[in-house]
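Protein chains: 2
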Amino acid sequence: MTEYQRIVLAARPRGAVQPENFRLETATLPALQDGEVLVRNHFLSLDPYMRGRMSEAKSYATAQALDETMLGGTAGEVLASKHARFAAGDHVVGMLGWAEMGVCDGALLRKVDTSRIPLSAYLGVVGMPGMTAWYGLNHIMKPVAGNTILVSAASGAVGSAVGQLAKLQGCRVVGIAGGAEKCAYVIDELGFDACVDYKAGNLAADLARAAPDGIDALFENVGGPCFDAALPLMNAFGRIALCGLIAGYNGDDLAVRNLRFMLTSRLSVRGFIVTEHLDLWPQGLAELAALVAGGKLKYRETVAQGLAAAPDAFIGLLQGRNFGKQLVQLIP
Amino acid sequence: MTEYQRIVLAARPRGAVQPENFRLETATLPALQDGEVLVRNHFLSLDPYMRGRMSEAKSYATAQALDETMLGGTAGEVLASKHARFAAGDHVVGMLGWAEMGVCDGALLRKVDTSRIPLSAYLGVVGMPGMTAWYGLNHIMKPVAGNTILVSAASGAVGSAVGQLAKLQGCRVVGIAGGAEKCAYVIDELGFDACVDYKAGNLAADLARAAPDGIDALFENVGGPCFDAALPLMNAFGRIALCGLIAGYNGDDLAVRNLRFMLTSRLSVRGFIVTEHLDLWPQGLAELAALVAGGKLKYRETVAQGLAAAPDAFIGLLQGRNFGKQLVQLIP
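Protein chains in written order, with my numbering: chain A, 1 to 332; chain B, 333 to 664.
Any given hint could turn out to be false.
[Unchecked claim] Label-pair restraints from in silico Cβ distances: (1) 61/A x 474/B: 24 to 34 Å; (2) 16/A x 348/B: 57 to 67 Å; (3) 641/B x 275/A: 50 to 60 Å; (4) 236/A x 625/B: 47 to 57 Å; (5) 209/A x 416/B: 49 to 59 Å; (6) 612/B x 10/A: 54 to 64 Å.
FYI, nobody ran anything at the bench for these hints, they're computed from the structure.
None of the values given here were measured: they were computed from a predicted structure.
A virtual CB, placed ideally from N, CA and C, is assigned to each residue, including glycine.
One chain only, chain A, in its complex shape:
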């Protein structure tokens, strides 16, 4: 009987997520059955979508169950396998949740090559966030060289990839991020043409100055005032990939006041969930991996240490305290 630590959802949040919404507890591994794999997690992925799952409101996915392991992407190593496609020692990414280890049937498990790309990157730029960027940019925003692209949460796991991919396609890329340090990183390290600090207090004016020719396509991660400030700047027939609305995840008023520009500028807006387009993942992940291995796609990680640090790191992610992809490292 092997015991392990895990974090379960103890109570659904009312408003902002609190540490009390989670509970760290000890669980016992079941015996491995035929077709199953035992995985030790090296990294947990923390992502904004998890906030939605913590509530019971209507959404695209069923809610996270109370007293069950918090869901989430993981990267780790196979400890034991009774599955033909996996062997002990394999590096894998999966959906084992906020836990030191777990048993799964292999359906959502994917073997990864860590010889050229670090294991953690498969939870970020070469994983779900990278695919989110790749899909939204190429299949919804469909930019052409010379277009101006706007990306909110530009220093984050998704936004940083959107902007760099758009630069590689010859676009002018403007980001929105919180604080001077993140904005400097977005411009100096990621190569965006401009980055507006939404905390500086002049969002609309700063955005207009950063996009003097208007905005042809927008990758929206945030909602709220950022989205409202972007809408009047959209050019005719602009495209909006609606990926996230983190500004409203705690139930804050997300009212959009500039809806009329969707009409007068004849915009196309599409909400999307990248896991609904799994047929495109092999192509997208291959392209992302090649760019990362070739040094053409950069990423940054904020790594919390130890399972017990996950709740606070997740709360920080929702507040924008992270810088780049937020991970939790379980194996030093």
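We have chain A; now place chain B onto it with these hints.
Just chain B now, with coordinates in the frame of chain A:
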């Protein structure tokens, strides 16, 4: 020197349109030049889009100039022609504006056949409003038989056509209209499956009851509370044709609070202006004309009498006082 009456924009409205925003005056016809046509207007079309043109805010079209004839669609008769394609006596629709007559170069003039379809219908169901319905339904909402379609301003010139066209395609059609009389007309005369009275005070609940299987595609004419009530009912991958936002045309708060459903339900939203798709008009107008002539597409008109009645009729249109297509008749 022939004199005629016209109505010009005297002052831009602040908030709600007032009679003082217009001025009735006498003008003098210019001498007819080669390539020009002199048209006497029988009917003026009054349409919500005109409210936008009266303001100087950024939009898809330039603003209506002060002290110039109010723009607008017209149907009438050629009095004299120095244009090869038109002869005296021809029935024509054009864009001669709020005036008893006018001279134009023929570019926006179209000869129409009044043997099977009354002249006034070419300003409604077989004109721009009908094309707006036809385009939004077939090119944005793309319904399939069995879909549930929601149409706001359902008794209006555009909405009534959307719903009937969707019924012909085998959809379940729900309308929103203001007042019991309009709702009864929408169901009994136009054949919608249900119609919700937004003035009854239970919009969200009534809408949920009228669309028990959710909404697959929405034709939005109104915005504001109607739009907010519809968003949570949209089914996954629903389509929204954003045609008008009449609730906000006077500057009222149009805040949309349920934006998150665009994301969680992965909706596609497209704003559109039908005059940008003129290539489709011949096909669309031919289909609409055949349906009207065959009695399969009904319409209703509210007809104000005399040019001087146009401002009040237009103000009534913005308030929902009209019932069906709002016209002004100049020749009894």
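Okay, the hints, checked on the actual structure:
1. The hint said 24 to 34 Å for the Cβ distance between residue 61/A and residue 474/B, and at roughly 26 Å that hint holds.
2. Hint check: residue 16/A to residue 348/B, Cβ distance near 41 Å, so the stated range 57 to 67 Å is violated.
3. The supplied range of 50 to 60 Å is met by residue 641/B and residue 275/A, whose beta-carbon atoms lie about 58 Å from each other.
4. Between residue 236/A and residue 625/B the C-beta distance comes to about 36 Å, which lies outside the given range of 47 to 57 Å.
5. Here the CB-CB span from residue 209/A to residue 416/B is close to 52 Å, well matched to the stated 49 to 59 Å.
6. As the Cβ distance of residue 612/B to residue 10/A is approximately 57 Å, the hint placing it in 54 to 64 Å holds.
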